[in-house]
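Trainee: Under numbering that gives the first Met the number 0, the first residue of the sequence shown carries the number 0, and numbering increases by one thereafter.
Misleading hints may appear alongside valid ones.
[To be verified] Each computed DSSO-like pair below joins lysine-lysine, with the alpha-carbon atoms no more than 30 Å apart: (1) K208 with K71; (2) K208 with K176; (3) K162 with K95.
In short, the hints are calculated from the structure, not lab data.
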Amino acid sequence: MFHVVWYRPLRLITQNSLSSMCLKLMLSRPVAFPQVWKSCFSSRSLVENKNIILMGPPGAGKTTVGRIVGQKLDCPVIDIDDDVLETTWNMSVSEKLQDVGNELFLEEEGKALLKFSASGSVISLTGSNPMHSAGMQHMKKNGIVVYLDVPTTVIMSRLKSMKVDRIVGQSPGISLKDILQFRKQFYKRWYDIHVLCGGDIEAEIVAEKVLDAVKRYQNSELETYISTRSSRSGRSMEKDSHKYFSDVVTEGLAPDGGLFVPERGLPKFTAGEWQSLIEATYVERAQVILERCIHPADIPASKLAEIIGTAYGENFTCSKIAPVRHLAGNQFLLELFHGPTASFKDLALQMVPHIFAYCIPRSCNYLVLVATSGDTGSAVLDGFSRLHDTDKQRIAVMNFFPEDGVSPIQKSQMIGCQKENAWSVGVKSDFDFCQTAIKQIFTNSDYTGFLTVEYGTTLAAANSINWARLLPQVVYHASAYLDLVHQDIIPFGSPVDVCIPTGNFGNILAALYAKMMGIPIRKCICASNENNVLTDFIKTGVYDLRGRKLIPTFSPAVDILKSSNLERYLHLIANEDGQLVTQLLNQLENQGHFQLQKDLLEKLQQDLVAGWCSEEDCLAAIHSVYSTTGYILDTHTAVAKVVADRLQDRTCPIIISSTAHYSKFAPAILRALRLTEINQNPLSQLHLLSSYSPLPPVHWGLLETLKKKANEDHQVCAADMSMLMTCIETLIQSHFI
Numbered sequence: 000m001f002h003v004v005w006y007r008p009l010r011l012i013t014q015n016s017l018s019s020m021c022l023k024l025m026l027s028r029p030v031a032f033p034q035v036w037k038s039c040f041s042s043r044s045l046v047e048n049k050n051i052i053l054m055g056p057p058g059a060g061k062t063t064v065g066r067i068v069g070q071k072l073d074c075p076v077i078d079i080d081d082d083v084l085e086t087t088w089n090m091s092v093s094e095k096l097q098d099v100g101n102e103l104f105l106e107e108e109g110k111a112l113l114k115f116s117a118s119g120s121v122i123s124l125t126g127s128n129p130m131h132s133a134g135m136q137h138m139k140k141n142g143i144v145v146y147l148d149v150p151t152t153v154i155m156s157r158l159k160s161m162k163v164d165r166i167v168g169q170s171p172g173i174s175l176k177d178i179l180q181f182r183k184q185f186y187k188r189w190y191d192i193h194v195l196c197g198g199d200i201e202a203e204i205v206a207e208k209v210l211d212a213v214k215r216y217q218n219s220e221l222e223t224y225i226s227t228r229s230s231r232s233g234r235s236m237e238k239d240s241h242k243y244f245s246d247v248v249t250e251g252l253a254p255d256g257g258l259f260v261p262e263r264g265l266p267k268f269t270a271g272e273w274q275s276l277i278e279a280t281y282v283e284r285a286q287v288i289l290e291r292c293i294h295p296a297d298i299p300a301s302k303l304a305e306i307i308g309t310a311y312g313e314n315f316t317c318s319k320i321a322p323v324r325h326l327a328g329n330q331f332l333l334e335l336f337h338g339p340t341a342s343f344k345d346l347a348l349q350m351v352p353h354i355f356a357y358c359i360p361r362s363c364n365y366l367v368l369v370a371t372s373g374d375t376g377s378a379v380l381d382g383f384s385r386l387h388d389t390d391k392q393r394i395a396v397m398n399f400f401p402e403d404g405v406s407p408i409q410k411s412q413m414i415g416c417q418k419e420n421a422w423s424v425g426v427k428s429d430f431d432f433c434q435t436a437i438k439q440i441f442t443n444s445d446y447t448g449f450l451t452v453e454y455g456t457t458l459a460a461a462n463s464i465n466w467a468r469l470l471p472q473v474v475y476h477a478s479a480y481l482d483l484v485h486q487d488i489i490p491f492g493s494p495v496d497v498c499i500p501t502g503n504f505g506n507i508l509a510a511l512y513a514k515m516m517g518i519p520i521r522k523c524i525c526a527s528n529e530n531n532v533l534t535d536f537i538k539t540g541v542y543d544l545r546g547r548k549l550i551p552t553f554s555p556a557v558d559i560l561k562s563s564n565l566e567r568y569l570h571l572i573a574n575e576d577g578q579l580v581t582q583l584l585n586q587l588e589n590q591g592h593f594q595l596q597k598d599l600l601e602k603l604q605q606d607l608v609a610g611w612c613s614e615e616d617c618l619a620a621i622h623s624v625y626s627t628t629g630y631i632l633d634t635h636t637a638v639a640k641v642v643a644d645r646l647q648d649r650t651c652p653i654i655i656s657s658t659a660h661y662s663k664f665a666p667a668i669l670r671a672l673r674l675t676e677i678n679q680n681p682l683s684q685l686h687l688l689s690s691y692s693p694l695p696p697v698h699w700g701l702l703e704t705l706k707k708k709a710n711e712d713h714q715v716c717a718a719d720m721s722m723l724m725t726c727i728e729t730l731i732q733s734h735f736i
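Take the sequences, apply the hints, and build the full model.
Mentor: Below is the structure:
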């Protein structure tokens, strides 16, 4: 048996002779194909009977790359332009286009695809094939579609050198750039695999990227997750304990109490791949980054695109989603508050509910538990309330927050965001109690088993202990850097520092992950308020809770003493030594402290520096920035601004994460602006702030939520585990039974 690799010059091959070579080409008459004979006993396991279908704009290099891939796999190579269309029509593509015109050409091209069939081949589509829906559906039935994504500027340059100034579908008055941009929607619709081809990358390298991507696509076994507390010996003995992305999304917390992390780490992007995203939109960047972090066996590219499009749609008040704004000097603000609940949590929690709904079994009911120090609660409630009605029937959310430990507007917002499948419960304690209680509930197998048997309900988590919460946060840190490059603030490769108000360590961990994936972040600056346990830890290596009591501050989202996501970072710098992580966390739990050994502290301090900010300095920073720029920082961003001023060395830009809109903390903001009489009504406070004509404007989505839901109530619970469990059972009975 032999296979064929198609090259010029053309030679007539009949339909019967092709079928004897494991390549079926169903066409209306004998068709001319180029051929070179090669042995079939070669690397066939990669494609088996599937085709590798290369798709992309004209000038993307599909034909050249297809030939190289075909040679490496020793399988047939088919170019749709040369080997199908021209032989079917008995004329050149340009002659056919001139003969029938744009619209009819696309239809004729589609008809040719519908008559074509092949298996085990590498197929290079035309740039316009994806615009014919029926033709592409036919091709996808037996193929893996690989999108060669080349930046539009590069394509324009290539087409110019090829003396091409018009392409299919381009009408008078429409520029070549416009039609290339228009076509992207069709490429994005059909692909299974996305290959970034930035700059002047050689075809040989693109071919290798295609082969690597296809191997990944066909082998999900390589992308498993482990607990931060699992030992290497235990992992090697218990292969069945490995989890996949869908598992960690639904389970949230590992059975041993640890947090899930990818066993082989995060994917790394080349400088060229990052540079190919400089001109991309936020949604496009999110798609590319998350595709590399989530295996298509868990969420196919088309479904992921749908989820991202839904998450970052009209519910964001800024089309850029997470814009970067120059503040002063070398300081830039990453505005993360344009979502529906006005905090950075929206960037993840508008997406996570849809990921969760896709990943969970359809036969089960799920109750998502979340603990919040302020912003997470309303973001979770809003996100899960936007699910389709059928999903809301099987997925409910219960949000626990410290009854007296959040701002009045945050509290009103959490109460106002309650829906038929989403409830808030105020707990007479602090955030650390709420978070610890949820962890204990998850690891109480008797209780979780009882809920499953008695009520058919499984518990899940939506805090940043859930891996799916962290991934979207990686996107905005990467996107911020690319925005600075796009704005010509820095050339790609120049470093930046980031300064992040930090409590639970999730946001700053996402920045560290972006750095690991290839974004040139030099230092991550951890900014604490007066609950500065992280600052002390980063400076000394000693995490010490003995004698510490939580101090309520103007920045409640970082009023945290036990930082859950620090565990993931410890696992990272300890070279995945789960036993050491377990030892440290057990010591913290039982003795109230632990200390890093010297080599681990040195690793930590290569990544992190830290400082903290007093309440007085926080308010002073808000007043100073408003006085000089007219811009109002929220209290958490003000904490980061104060720390950035102290710790930056001004040798590179610094990106300060603006994690919430100031509207959520109106009393503190009004105090910072030195108003003596402050009405206690949250709506009145927002109207007063609006009268200042501030930058950015008052968050009207927040204002509308408070207007509509001002009279709703919520449940309040004592700081008692049995009481929390009773609340959970009551909710399950009311919603699922």
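Trainee: Confirm or reject each hint.
Mentor: Against the structure, the hints:
1. K208 with K71: Cα-Cα ~12 Å, so holds.
2. K208 with K176: holds, 26 Å
3. K162 with K95: holds, 19 Å
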